[in-house]
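> Below, each chain spelled out in residue letters.
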Amino acid sequence: MTAHKRIERRFTALQAAGRAGLVTFLTAGDPDPATSAGILEQLPDAGADLIELGMPFSDPMADGPAIQLASQRALAAGMNVQKTLDMVADFRKSDDDTPIILMGYFNPVYAFGVDRFVKTAAKVGVDGLIIVDLPPEEEADLCLPAQAAGIDFIFLTAPTTDEARLPRVLANASGFVYYVSITGITGTASAAASAIEDAVSRLRRFTPLPIAVGFGITTPEQAADVAAVADAAVVGSALVNLVAGNLDADGKAKSVLKDAVLTKVRELAQGVAAGRSKEPAQ
Amino acid sequence: MEKLNTFRSGPDDHGHFGIYGGRYVAETLMPLILDVERAYNEACDDPAFAAEMGGHLKHYVGRPSPLYFARRMSEKFGGAKIYFKREDLNHTGAHKINNCIGQILLARRMGKSRIIAETGAGQHGVATATVCALFDIPCVIYMGQTDIERQAPNVFRMKMLGAEVRSVTSGSATLKDAMNDALRDWVSNVDSTYYLIGTTAGPHPFPAMVRNFQSVIGEETRAQILEHEGRLPDTLVACIGGGSNAMGLFHAFLDDADVRIIAVEAAGEGIETGRHAASLTAGKAGVLHGNRTYLLQDEDGQIEEAHSVSAGLDYPGIGPEHSWLFDSGRVEYVSITDNEALDAFHMCTRLEGIIPALESSHAIAHVAKIAGSLGPDNVLVLNLSGRGDKDLNTVAALAGVEI
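Sequence lines, in order, name chains A and B. Here the first sequence stands for residues 1 to 282, numbered as in my numbering. Here the second sequence stands for residues 283 to 685, numbered as in my numbering.
Among these hints, one or two may not hold up.
If you want the footprint, here are the derived chain A segments under chain B, 3+ residues with CB under 8 Å [stated by the list, open to error]:
1) 18-26
2) 57-63
3) 224-236
Below, a list of computed lysine-lysine pairs in the DSS-like style, where the Cα atoms sit at most 27 Å apart [as the list claims (entries may be wrong)]:
4) A:K93 - A:K264
5) B:K566 - A:K119
6) A:K123 - A:K83
7) A:K123 - A:K264
8) B:K566 - A:K83
9) A:K119 - A:K258
Simulated DEER-style distance windows between Cβ atoms [said to hold, decoys possible]:
10) B:S291 - A:A260: 56 to 62 Å
11) B:A679 - A:Q82: 41 to 47 Å
12) A:V256 - B:G444: 45 to 51 Å
13) A:G113 - B:T555: 44 to 50 Å
14) A:G78 - B:S449: 53 to 59 Å
15) B:D580 - A:D259: 53 to 59 Å
16) A:L144 - B:K340: 45 to 51 Å
No wet-lab data here; the hints were simulated from the structure. Backbone N, C-alpha and C define an ideal beta-carbon position, used for all residues, glycine too.
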C-alpha cells in the first residue's frame, strides 16, 4: 500500500509559505450528488487547502441543525458510503495533491465493512478520517486498521480534554489534531480568540502534529484570528448554510448555489491568508 | 461460542459485553462519561449510598413491590402458575423510578445542578421529573414531537412536576431523536448537567449502572418466590424496548441454568411489514448513542424508525447486554404484535382487575401463548413493569371511543 502522505506534505508546504491552511467541510451529496461533485472539484481553486467531506448519517448527534439537515438532504438524494468513495475517486482524476478527509459517524462505515472501507478508501485517494463517535478508547474498530492502510486518523480534542487525558488522545493521532473550540455542537457558538490561542499553545506542548481549529468559525475575520495561532481553520456550517440558502421551493439547487459556496470559500481563504500578517512581529 | 462460567460478570473494564457496549461518544463527552464512571464506582463502595437509596426505595417508591399470584389467568390457560412482579404499583406507576432514584443520588454526589433526560412514552420523563421535584433540581426532558402528541397526559404530568419539556423536531421526531438532542444538550452544558439515561443503553457505565439500579426487581423476586413456592421459578418473562425492566428481573437469575428466561420485543404491525421495533429479531449489530448493539438500520447503516403501539418500546436499538445474551443463547428473544398486545391488555384487565401498561402487555401476550403448554408445576414470573393508566387514550382511540 502506498502511503500518499498528502496531509503531511500539505502542512509542510503551508509552513514553508508561512501561512495557515483553510479546511472546508461540506456533506457529500448535498443537496444532490452532481452539484456536490461540481463544488468539490473547484474547492482547491477557490482556496481550500484541505477538504473535509462529510459522510451523511441519519443520527449525527455531535452536529447542529445545519449539518443534520445537510445529511438528510444528501440521504434523500441517495448518497451512501460507496458513492462518497466514488466521488473521491472522480476528484482524484483532476487533483492528486489536495488532502481529502472523510468525516462522519461510525455506523455507516461499520455497515459497509471496516476492511472493505479501509481498502477502498486508500485506493481511491482518501487521506484521513475523522469519526466523531470513535474516541481513542475504541481505536481498535477503525483507527488502527485505517492507519495500517496508510490513512491518517485524526482525533478530536475538546476544551474538556484535560492534560491528564491528552496523552491518551494523542497517542495514536496522525495527520493533524482537530481542536473543537467550544463545548457544544457544530454551527452554534464561537470561542473567544484568546481562549483558542491558550488552547492551541497548550496542545503544542503535547504534540508536534499540526493543529486545526474548528466549530463556530463563520467569517473571514474569525478565520484570520484562528489562522494567526493555529495551523488551519475549519469552516463547515457556514458553507453548509449557503447550500441550504440556495435551494428552490422543491429543495433543488439553484444555479447560483455553487458560486455562492465557492465565493464564500474565497473570502475565507483571504481571511486565513491574512491571519499571520496580523500577528505581531517576533 | 465459548462456554462461560457466569453470565453475571459483565461488562469488562471498558464497558464491553462481548463485542457489544463500549463508549462511542464524541471527545467532548468522553471526560464526562469517565467522571460518571468514577463517581458511580465510588458510590458503589460507599455503604452510605446504598443505605440512602434503600431508604428512598422503601419509603418513597414503596418497595418491595408485591409478587402476586394471578389465579384467574393461571386457571384460564390451565398450565403454568403465573406470578406478576408488581412494578406497576411503584410510585409513578412503573419500574423506571428505581433507576431514577439511584441516578439522582449520584448526580447530587457529583454536585450537578441540572438534570436532562429523554423520554418516549413519558414514563421515564415522569420518573425523572418526579425525583427532580423531590430533590429540587431543575430538569429538562427531551421528547419527540410525535410522542408529545400521543402521550399528552404524561407531558402534562411532567410540566406539573416542574420539568421543562422540550419538543424535538429533528430527524424522525421520536425517542432516538430525543436522545440525540439530549446528548447535544449535554455536550453544550458539560459542567452543570447530568444526563439521566432511562434504560440499559448508552455509553458505559450507563448500561451496567441502570441494570444494577433495576436489579432490585430480580433480587426481591428471588426471595419472594422462595417464600411462595420454596424454590426458584421455572420461567421468567419480560418485555424489552431498551431492556431495563427485563435486565432488572433477569440479572439475579442468569446463572441459574434451570430458569428459562424469555424477553419479548415489539413486533408492531408484524415483523414481515417492516413496521416494528424488534431490534434483535430483525436488526443487526451497529453503533448508535454511545454503544455497539443490535439496531434497526438499512443496508447503508442509516438508522430506521421503530414502530410500536407502545411508545415505551418504540426505539430502534436495545441495551448491549441483551445483544450479548441474545448471541450467547442464554435468553430467548421473541416478539409480539400490537394486536396481540392489545388483546392481552384487555384480557389482563378483565381477568385480574389490573390494567397493565401496553409495554407489559407484550409480555402478558407471550405468556398467554405459552402458559397452556407448560405443565401445572411450571412456576412462571412475569414482570408487570408498569400500569396502563397512561395508555387509556391510545386504547380508547383504537376502540373508537373518545374520552
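> Hint by hint, which ones does this structure get wrong, listed from lowest number up?
1, 3, 7, 9, 13, 14, 15
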